[in-house]
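Asks: Residue numbers (this note's numbering): -15 to 157.
No wet-lab data here; the hints were simulated from the structure. Treat the hints with care, as some may be off.
[To be verified] Straight-line Cα separation of at most 30 Å, BS3-like style, residue types lysine-lysine; simulated pairs:
(1) Lys125 / Lys115
(2) Lys152 / Lys39
(3) Lys17 / Lys122
(4) Lys125 / Lys39
(5) Lys152 / Lys75
(6) Lys122 / Lys14
(7) Lys125 / Lys47
(8) Lys79 / Lys39
Please read all numbers here as calculations on a predicted model, not as lab measurements.
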Amino acid sequence: MSKPIKEKDLYVYCPHCASNLVPQAIDNEKVKKCSNCGFIFWNNPKPVVSILLHKDGEILMLKRADEPFKNYWVLPGGFIYYRETAQNAIKRETKEETGLEIAVQGITGVYLIDDDPRGMHVDIIFYGTSKGKIRLSKEHKNWKYFIPDQLPEHIAYKHRYAINDWHKRENRA
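Build out the structure end to end from the sequences listed, making use of the hints.
Replies: Structure, rendered in structure tokens:
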């Protein structure tokens, strides 16, 4: 797996004026503030999206081809582009990664991803259905539908929690 990025290595200079960013605390939160223009780098988590695609009680998962989490299973998904809605992002990412068209039915939950070496993310995990034939992108090496209580051992991010949460809700309905 990739080496985690150390917080001290992130952003040494201000993106606005190129002056030094100085560590300090604001509201008990460690931030970096520009010594010249006052810009504050909050180091917020990046928004990402995933989707739990269900078919006949099984969940589609993809096996990653690259680091981070090479050979781990994940739900389809990825980063939200600037000025892109979460719904449009998950449709785009799913099409790019699987070739599938999706129908979003709702939100499974929102999860803090704190185990990614690239940084922290907030994952908005949708659930829905798909149509079409799966055509994997180069990002993934395999796909499989899993029964929720027979998931593979190596699952990245918080996708196992999302699947379990969805499965519990579906069983109560």
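Asks: Decide, hint by hint, whether the structure agrees.
Replies: Okay, the hints, checked on the actual structure:
no.	hint	in the structure
1	Lys125 / Lys115	20 Å, holds
2	Lys152 / Lys39	16 Å, holds
3	Lys17 / Lys122	39 Å, violated
4	Lys125 / Lys39	21 Å, holds
5	Lys152 / Lys75	25 Å, holds
6	Lys122 / Lys14	38 Å, violated
7	Lys125 / Lys47	6 Å, holds
8	Lys79 / Lys39	17 Å, holds
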